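> Each chain, letter by letter, is given below.
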Amino acid sequence: MEPIIEVTSKAIPLTGNNVDTDQLLPKQFLTEISRTGFGKHLLHDQRYLDDKEQVPNPACVLNDEAYKGAKILLAGENFGCGSSREHAPWAIADFGISVIVAKGFADIFYANCLNNQLLPVCLPANIVDALMMMCSDDPSIEITVSLKHQRVMCGDVMATFTIAAHHRVNLMNGVDKIGRTLQDLSVIEDYEAKYLAGSSV
Amino acid sequence: MSKILAKTLYDKLWDAHYVTDIDGEGLLFIDRHLIHEVTSPQAFDGLNQKGRRVRRPDLTIATMDHSISTRSTSLDACGPKNALQLRTLIENCREHGVVLYPVGDDNQGIVHVMGPELGLIQPGMTVVCGDSHTATHGALGTLAFGIGTSDVEHVMATQTIRQSKAKNMRVRFEGILSEGVYAKDLILALIGEIGHDGATGYVIEYAGSAIEALSIEGRMTICNMSIEAGAKAGMVAPDTVTFEYLKGRPNVAKEVDFHALVSRWSSLKSDPDAIFDKEVVIDVSTLAPQVTWGTNPGQVVGINEPIPYLSELISTSEKDAAKKAFDYMALTEGEVLSNLPISHVFVGSCTNSRIEDLREAARIASKGHVAKGVKAIVVPGSVKVKQQAEKEGLHHIFQAAGFEWRLPGCSMCLGMNDDILGEGDRCASTSNRNFEGRQGRGARTHLVSPAMAAGAALAGHFVDIRTL
Ligand code: SF4
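For the record, the sequence lines run as chains Y and S.
Under the numbering used here, the first residue of the first sequence is numbered 1, with each subsequent residue one higher.
Under the numbering used here, the first residue of the second sequence is numbered 202, with each subsequent residue one higher.
Looking at chain Y on its own, in the form it has when it is part of the complex:
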C-alpha cells in the first residue's frame, strides 16, 4: 500500500454532522464483490437527483468542479457513524481522497480508514469550521496535512493532531497488517494451545 507522509491539496468542505455510512454509500451498491469502483456512488442520494446517476445535483459539493482533484475531505462530528461497511471508505478513497479531517469519527469507520491507507485526522470543531470557511470562500486554497509532523496547515491556521503511534507508523510505511500479524503466528499458536486447555479462561 502507498505510504502517506504529507498531503497538500485542495479540500472539499462537507458540512453537517453525523454523516453516516448509509449516506456515504447506500445499500444498493453493497452487492458488489470487489473493492473497486465505488467512488462514483459516494454520497449518491445527495449527489444525484436520479437513481441512475445521470443527473448530478448542482447543490452537492462533490459536484463542484472547483474542488476537482481534491485529496482532502473536511467533515463534521461523528463522521462515518452507523454500519461497519468498508464500502464507505473504499468509496471515499476511490473518489481520490487520502485524508479526512473531521470534528470526530465513529470507531469502526476510523479503523476501516486506517486499514485502507486513508488518514483520519481529528481536530477541534472551531478549527475544522475555520478550514471549512476558508475552503468554501476560496476552493483553490490548499491545505497541508503532515502525518510526519502531525500537523495541519492552511494560511494562518496551524493545528497539531494526535494519532496513535502504531497507526502513524503503519500509515507512513503502508504495512500489510495481516502479514505482520502472521509473523507472530507461533505466539498465537502457543496462546491457543494454552487457551484450549482451559488455563486462561
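If you're looking for bench data, these hints aren't it; they were derived computationally from the structure.
A quick note: this is a predicted structure, and the numbers were derived from the prediction, not measured.
Don't be surprised by glycine CBs; every beta carbon is placed ideally from N, CA and C.
Heads up, a few of these hints could be off.
Claimed, not checked - The following residues of chain S were derived to be distant from chain Y, with all beta-carbon distances above 10 angstroms:
1. Ser273
2. His297
3. Ser379
4. Val442
5. Glu445
6. Glu480
7. Asp484
8. Lys573
9. His596
10. His597
11. Trp606
What the hints assert, rightly or not - Pairwise CB distance ranges (calculated):
12. Y:Thr36 x S:Val457: 48 to 56 angstroms
13. S:Glu296 x Y:Gln28: 22 to 30 angstroms
14. S:Val457 x Y:Val175: 46 to 54 angstroms
15. S:Ile515 x Y:Gln28: 31 to 39 angstroms
16. Y:Met133 x S:Asp307: 55 to 63 angstroms
17. S:Val457 x Y:Ala193: 20 to 28 angstroms
18. S:Arg295 x Y:Lys52: 34 to 42 angstroms
19. S:Lys448 x Y:Lys148: 51 to 59 angstroms
20. Y:Lys52 x S:Asp521: 29 to 37 angstroms
21. Y:Lys52 x S:Arg288: 23 to 31 angstroms
Chain S with the ligand: place on chain Y using the hints.
Chain S with the ligand in isolation, oriented as in the chain Y frame:
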C-alpha cells in the same frame, strides 16, 4: 505488595483473550467469527490473492441474511447481483471449509439471531462479525463487536484481531418497567440521553435491576443498539437468566460439563470495586414508550411528549441536526407524533425479530386490523423463530389482522432486497437506524418497539399502546 486492581467484565474478557502486543496494539484471540454475504467476498478475495487460508474454519460460521428475498428461497429472487453475491459466499465457504447455513436451511437467519439460538455464542467469548450490530451477542456476557472487511480478512487469516483498548462505561437501568414499555424503549431512552456518539470510545456494561429482570431477548435488543450510541460493544454479565437460556441448546455442553461451564461463567462479572470511566443511571419506572422523530436514533421522545422546539435545544449542532431532520421527516417543531399518519410498518431486524418480540406484536395485532392504506410486514429473525411462532399460531394472528408474514432475513432494516420504501413513505419500524435513506431514498423511519409498531399499524398513526 502491589494491590491487585479491580477489573470490569470488559477488562477480564480483554485479558483472557490477549495474545500479545504488536507494534503497540493488543492482539486478541477470537472465539467466534460470524460471516455473511455482504462484507465477506472482498475478504475471501484478499486471502485468495495472497494464497492464505481461513485459519480456523471450525470457529467461523456463515449464514445468508442481508440481501436475500423474504418471499422466496430462490437465490435469484432479488436479481443477478444479489444472486452472484450469495453464490460467491457458497463458493468461498466450500473452498475454505466454513460451515454455511444458506437460505432454506433450518438454521438460517439474521446472523445475530441464529448465532445465539444455536448455542454458538457462550459467556466469556470474543465474537466478531462484519456487521456493526455484533454487539447483540454481548447480552450473553461476551465481548462482541462489528468490524470492517479488512479486519474480517485479518480474523480469517489469523483468528485474532488488532485492537486498542476502549474505556469502560456502565449504564444502570434501575426500577420496574411499566406495562407497554420494553427493552427497545430503554435503549432508545439511553441514546436520547447521552446522544448518538455519547459512548464513542467506550464499551458499555449494562446493569441494574431492570436489566436483571429482562430476558436474554430483551438484553439482546439493548446490546444490539450500543453502536447507535457510538459504543464499541455492549455487554451484560451472565446470570441465571443466561444459563437458563443456554441450557439444552445445540453446541452447548450437556449435564456435568454444563455445570462446570456454569461455575466458570459465574465468575464473569465486574469486581464490586471496579472503576468505570463513565457511569450513567436511568430511572425506568417513569419511562414512556419511545418514538424517534429524527434521522439519528438519539432524536427520540416519549409518545406522550411533543418533539422538541428548536429553542429548547442547546448547542448549535443539535439545532442544525434538528432543522435538517424536521425537513427530511416533514415535521414541525413541537409537533405531537401520536397524530402522525404512517404508511408502512416493519416488525423485524436483529434488534426486534426474536420470538418474544413477535409475541408482543401479535398480542397487540390481535386487537384489530391493519388500518386502510397501511402496509405492514412481519419478518421473523430466523427459521427457528418462524417455526416457533407458527407453532404458537402467531402467524395466523398476524395474517388475520392484515399483516404479511414473511421469510427470515434483514429485509426492510436496510432494504438490500425488494423490501424497500419509496420517497415520502413513513414507517413505524422495529429496526435500529432511522438514517436518511436507510429504508429507501426519501423514506422516513420512526424507530419503536414491536408493540408500538403493531399499535401504529392498527391505528394508522402512532398510539400510546398503554391506552389500548
Ligand atoms: S437486521 Fe439490519 S442491522 Fe441487523 S444485521 Fe441485518 S441489516 Fe444489519
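> Each hint should be assessed against the structure and marked as holding or not.
Structure-based check of each hint:
no., hint, in the structure
1, Ser273, "holds, 17 angstroms"
2, His297, "holds, 15 angstroms"
3, Ser379, "holds, 31 angstroms"
4, Val442, "holds, 21 angstroms"
5, Glu445, "holds, 21 angstroms"
6, Glu480, "holds, 20 angstroms"
7, Asp484, "holds, 27 angstroms"
8, Lys573, "holds, 29 angstroms"
9, His596, "holds, 28 angstroms"
10, His597, "holds, 32 angstroms"
11, Trp606, "holds, 24 angstroms"
12, Y:Thr36 x S:Val457: 48 to 56 angstroms, "holds, 54 angstroms"
13, S:Glu296 x Y:Gln28: 22 to 30 angstroms, "holds, 28 angstroms"
14, S:Val457 x Y:Val175: 46 to 54 angstroms, "holds, 48 angstroms"
15, S:Ile515 x Y:Gln28: 31 to 39 angstroms, "holds, 37 angstroms"
16, Y:Met133 x S:Asp307: 55 to 63 angstroms, "holds, 59 angstroms"
17, S:Val457 x Y:Ala193: 20 to 28 angstroms, "holds, 24 angstroms"
18, S:Arg295 x Y:Lys52: 34 to 42 angstroms, "holds, 36 angstroms"
19, S:Lys448 x Y:Lys148: 51 to 59 angstroms, "holds, 57 angstroms"
20, Y:Lys52 x S:Asp521: 29 to 37 angstroms, "holds, 31 angstroms"
21, Y:Lys52 x S:Arg288: 23 to 31 angstroms, "holds, 26 angstroms"
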